[in-house]
Amino acid sequence: MAKLKDLAKMEDRLVAGHGMCLGCGIPLIFKVVLRATEDPLVIANATGCLEVCTTIFPRTAWNVTWVHSAFENAASTIAGVEAMYKALKRRGKIPKDKTIKFLGTGGDGGTYDIGLQALSGTMERGHDVVYLCYDNNAYANTGGQRSSATPLGASATTSPAGTQSPGKLQWRKDLTKILTAHNIPYVAQASPTRWQDLYNKAKKAFEVEGPAFLNVLCLCPTEWKYEESKGVELAKIAVDTCVWPLYEVENGKYKLNYKPKEKKSILEWIKPQGRFRHLFREEYAWVLEEFQKKVDEEWEELQRLSSL
Amino acid sequence: MSTLKTLNGNQTIAEAVRQVDPDVMAAYPITPSTAIVETIAKFKADGLISGEFVCPESEHSAMSVCIGAASAGGRVMTATASQGLALMWEMLFIAAGLRLPIVAGIANRALSAPINIHGDHSDTMGARDSGWIQIYSENCQEAYDNFIQAFRIAEHLDVRTPVLVGLDGFIISHSMEVIQVEEDEKIKEFVGEYQPVYPLLDTSRKITVGPLDFTDYYFEHKRSQMEGIENAPGVIQQVGKEYGEKFGRPYGFFEEYRMEDAETCIVVMSSAAGTCKDAIDELRNEGKKIGLLKPRIFRPFPDKEIAEALKGLKAVAVLDRSTCPGAFGAPLFTEVRNALYDYDPRPKVVNYVYGLGGRDIMVEHFKEVAEKLDKIAETGKVEEMYGYLNLRE
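Chains as they are written, first to last, in the numbering used here: chain G, 141 to 448; chain H, 15 to 407.
Since the hints were derived computationally from the structure, they do not count as laboratory data. Be aware that a few hints might be false.
Calculated cross-link-like contacts (lysine-lysine; reagent style DSS-like; alpha-carbon spacing at most 25 Å) [unchecked claim]:
| # | chain 1 | residue 1 | chain 2 | residue 2 |
| --- | --- | --- | --- | --- |
| 1 | G | LYS226 | H | LYS58 |
| 2 | H | LYS58 | G | LYS236 |
| 3 | H | LYS220 | G | LYS171 |
| 4 | G | LYS238 | H | LYS220 |
| 5 | H | LYS202 | G | LYS233 |
| 6 | G | LYS229 | H | LYS220 |
| 7 | G | LYS236 | H | LYS220 |
| 8 | H | LYS202 | G | LYS229 |
| 9 | H | LYS202 | G | LYS226 |
| 10 | H | LYS220 | G | LYS149 |
| 11 | G | LYS233 | H | LYS200 |
| 12 | G | LYS226 | H | LYS56 |
| 13 | G | LYS233 | H | LYS58 |
| 14 | G | LYS365 | G | LYS403 |
When you get a sec, could you build the whole thing from the sequences and use the hints?
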């Protein structure tokens, strides 16, 4: 088991000086994930918060090889890098004993939505890459528009709450399940503040032969509208309410990594966040009910799948 | 020893790919370029190529895989047509902006709507400002020769710019022709070893590729990108000359056919130039002083050289296999006419659009154009600057 003090000694691959928001979950995730392999690494980053905040020319916050080409294609881009690695290795241009790892990454906009096709293709073709989605539930880079990961009832700028609407009307897409249906060796859902669990999952993802997918909930004080200092607590609540369960699917086998002793009400998740503020109006009470019902159903289903 | 092989246009591209054997080939099938991808896949299945073949789920991803692979540091090719090139459009600019020497074979095809699978130049003309070098081929032999030269041009360290090679959909992509296929070893030798520039796979360097520019750097980076395509003409000429010395078929920016003592000229690219040559022969037999200029390189446009070749003529007709709705003429026409602007005297230049959606263009249509040119040459007057050939109106 990794010890925090050992991890802390490792060289940072995403260094200070980036422009991410106070309280942003992205650096939390990457500081852990990038320590989960000691091999040389190439990252392909989709357009989004992480890309924009880390590479404003002539500066870069990346102490690791990194490439960005567009919004919807981080998966195809990293697939291309990996294909070239295979070709050059076969042709003796890269020494046989040299191992390089490959990571594609994007937010929920670049992954759940515009990049879903490219991600699906890369996973289906079996490229030996890890894809990490930092899911902050919105198009945060462009100012908080809805994505298919935005929760029911959240007010986003393209699904705003109003007198006639409780915000987003649809339940979020279950991307982790979609990736599971690709029958790839490793799929996992993790949280930025359960660092040990995230580290273990990232390590497995890098180690498996073939494609691996990590879906990590990403704190976003800017778009979720909560006090920045409360992020760690909020991430914990997401797990304890089963809004964001921690689980993994290894070669098709589901495993629940954490079961709260007492499952908390979704209200604990919803109350601190300004994006849900309007849901406490009487006319939108049904949304809260529906929210709890869906979380309960998904949790039941996950427990069933994990007990198989 | 080179050998004669009977191949269609798609097979000639695939044959060139087999000989060059790029490190990564990533392509998505689309009519009429599908057979390029299929043939490469079969070569791979039969162990005739050792590069990595990737069959992505779309053309957008195909170009994205090419961009990832080329950034990683190796030789890369793709093939597509029409809607496929249109779907790649976003990534074409990124490939050029990142200075990645990707080579693409394009079986030129019309763009929807209406959907049509046949040959015209709407696809590549739509991508003419994407920063790619564009080479057009008259026949299967030229498609083969151009595709091989494209690697040398794209990868030249002073150029480092992607290159697309056009061959007319169906008319060339599906026409069987006896072509001269050079020896594998000689082609490999001609193309040479790939020289990577800042490859991602040299992980000791930890480079950042594709960062964000604000107002303070974007302009300078775009300007420096242009140096690559600005350096291309010399390299294109050098490579075309060397190819000629080695294989007996030299190439330049364009081909002039029976232009000596010509008073009028038809400018037309790709397969239609072949038909046009027959028309020119017949017209010459009738005593008409007419010639053909067939551009091979459209980007970078060889404006001075084309203007020099045309400046002394009385009348020139530029034939375009695409339209440019709302513009002052179709793409090739505006380039040619613009190139002649500073010359005095200069010929009258008119524009005819032909062959959209694969509509045939026959000897008689070129003769129609010749007649119109005669009239312009005689009177010095242009009655119709823009028209259509073989169209029901």
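Tested hints:
1. G/LYS226 with H/LYS58: holds, 14 Å
2. H/LYS58 with G/LYS236: holds, 22 Å
3. H/LYS220 with G/LYS171: holds, 17 Å
4. G/LYS238 with H/LYS220: holds, 16 Å
5. H/LYS202 with G/LYS233: Roughly 17 Å between the alpha carbons, so the hint for H/LYS202 and G/LYS233 holds.
6. G/LYS229 with H/LYS220: This hinted pair holds, its Cα atoms lying about 19 Å apart.
7. G/LYS236 with H/LYS220: holds, 20 Å
8. H/LYS202 with G/LYS229: Distance of about 20 Å is within 25 Å: holds.
9. H/LYS202 with G/LYS226: Measuring from Cα to Cα gives roughly 21 Å; hence the hint holds.
10. H/LYS220 with G/LYS149: holds, 20 Å
11. G/LYS233 with H/LYS200: Measuring from Cα to Cα gives roughly 22 Å; hence the hint holds.
12. G/LYS226 with H/LYS56: holds, 19 Å
13. G/LYS233 with H/LYS58: holds, 20 Å
14. G/LYS365 with G/LYS403: It holds: about 24 Å lies between the C-alpha atoms, which stays within 25 Å.
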